[in-house]
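All chains, please: the whole structure from these sequences, using the hints.
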Amino acid sequence: MIARHELVQRYLDGLRREARDLPARQRDELLEEIELHLTEALSDESSEAEVRTELERLGHAGDIVAEERDRAAQPTVRPGAKEYLALLLLLVSGLFLPVVGVVFGVVLVGGLLLPVVGWLAGVVLLWLSQLWSIGDKLVGTLQPVGWLLAVYALRLGLCTGSECTAAGEIAWIVILAPAVLLPVFASVYLGRALRRAERLPRPT
Amino acid sequence: MVDRDLSQLRRGVVEYCVLALLREDERYGFEIARTLGGVNGMISSEGTLYPLLGRLRREGVVESTWRESPSGPPRRYYRLTTLGEEALRSFIAEWRRFSASVDQLLAGAKR
Chain V
66 MIARHELVQR YLDGLRREAR DLPARQRDEL LEEIELHLTE ALSDESSEAE
116 VRTELERLGH AGDIVAEERD RAAQPTVRPG AKEYLALLLL LVSGLFLPVV
166 GVVFGVVLVG GLLLPVVGWL AGVVLLWLSQ LWSIGDKLVG TLQPVGWLLA
216 VYALRLGLCT GSECTAAGEI AWIVILAPAV LLPVFASVYL GRALRRAERL
266 PRPT
Chain F
231 MVDRDLSQLR RGVVEYCVLA LLREDERYGF EIARTLGGVN GMISSEGTLY
281 PLLGRLRREG VVESTWRESP SGPPRRYYRL TTLGEEALRS FIAEWRRFSA
331 SVDQLLAGAK R
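Listed in order, the protein sequences are those of chains V and F.
Residue numbers for the first sequence follow my numbering, beginning at 66 and rising by one.
Residue numbers for the second sequence follow my numbering, beginning at 231 and rising by one.
Bear in mind the hints are in silico, worked out from the structure with no lab data behind them.
Here the structure is a predicted model, which means the values were calculated and not measured.
Cβ atoms here follow ideal geometry from the backbone N, Cα and C, with glycine treated the same way.
Do not take every clue at face value.
Claimed, not checked - FRET-style restraints, in silico, Cβ to Cβ:
id	chain 1	residue 1	chain 2	residue 2	range
1	F	Gly268	V	Leu96	18 to 26 angstroms
2	F	Gly290	V	Leu223	20 to 28 angstroms
3	V	Gly211	F	Arg309	45 to 53 angstroms
4	V	Phe250	F	Glu298	50 to 58 angstroms
5	F	Gln334	V	Arg117	41 to 49 angstroms
To be verified - Here are a few chain F residues that sit away from chain V, every Cβ distance over 12 angstroms (derived from the structure):
id	residue
6	Leu236
7	Glu261
8	Ser299
9	Thr312
Okay, here's the thing in structure tokens:
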């Protein structure tokens, strides 16, 4: 209706362009309000001069968007040391746990102590963060566990007890080696979730 | 310098003027924009009201509802929340004290 007026359409397009960096919900609400404003201010019969006057009263699109940025009050929680450390610990321990298992074939207390402690610390930090959803946290927590269970389930299938043929060992390593990418995928996933969360304002 | 300071002062105060406009009755955006735009020096342009309204809503001092309009599309009406009423009340008390002190000092400086 009102947006049919060419000047109004151009103004709204300009506003949309200026506002493209704003969080989606904030941008949509702002555009909606400005459109409503123009709908109230103008009618289909409005002359070009009237349209110009109204757009002038509304002000420059750039000024409105600048005001929106200033007024946003930054309710966002930004990722900090906690989140980055959690990601690092989960990645390193996630890689380390199964690698140690694959290489040594048995759980060595000394060899596993570090990854296990690192993993526990990573999980605690993961759950303390407000930026990840419950689903994200479960992915981060369960991925090395699932991985480790797969390692040992497979080993049980290929070997009997601690006795294992050379062929069995090799088959085991070959089958499991690509799974080393799992912690990498999980970290990439969590990192992306973090960037999404950063763009979404959350109530404080 | 004076310009910058005054614009800071205005920015801080204008949101309470919006709350004050909503004290008696709920209003829709265009109405608030026209009223504030008509007061000299209150907002730089009518469009800059909307970022402010958005923030007030996110802060929970105002809330909005859609209502049918007698003419044209539905309007989004804003009204104060309890939190908004409290914020306005304490601002009014503080502003009276503050502006009285400033007036007194400015009058004294003239002499």
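If we take the beta carbon of Thr312 (chain F), is the closest beta carbon in chain V still more than 12 angstroms away? Nearest chain V Cβ is 17 angstroms from Thr312 (chain F), so the label holds.
At the C-beta level, are Phe250 (chain V) and Glu298 (chain F) separated by a distance inside 50 to 58 angstroms? Given a distance of about 51 angstroms, which is inside 50 to 58 angstroms, the answer is holds.
20 to 28 angstroms was suggested as the range; check whether the CB atoms of Gly290 (chain F) and Leu223 (chain V) agree with it. At roughly 60 angstroms between Cβ atoms, Leu223 (chain V) and Gly290 (chain F) fall outside 20 to 28 angstroms, so the hint is violated.
Gln334 (chain F) and Arg117 (chain V), beta-carbon distance inside 41 to 49 angstroms? The hint (41 to 49 angstroms, Cβ to Cβ) holds, given that Gln334 (chain F) and Arg117 (chain V) are roughly 46 angstroms apart.
Should the label of Ser299 (chain F) as a non-interface residue stand, given a Cβ cut-off of 12 angstroms to chain V? violated, 8 angstroms
With respect to the beta-carbon atoms only, verify the hint that Gly268 (chain F) and Leu96 (chain V) lie 18 to 26 angstroms apart. holds, 24 angstroms
Please verify that the nearest CB of chain V lies beyond 12 angstroms from Leu236 (chain F)'s CB. Correct as stated: the minimum Cβ-Cβ distance to chain V is 16 angstroms, above 12 angstroms.
Chain V versus Glu261 (chain F) - minimum CB to CB distance exceeding 12 angstroms, so not interface: Non-interface label fails for Glu261 (chain F): nearest chain V Cβ at 8 angstroms, not farther than 12 angstroms.
For the range 45 to 53 angstroms, tell me whether the beta carbons of Gly211 (chain V) and Arg309 (chain F) fit it or not. Because 51 angstroms falls inside the window, the suggested range holds.
Taken one by one, the earlier hints fail for this structure at numbers 2, 7, 8, listed in ascending order.
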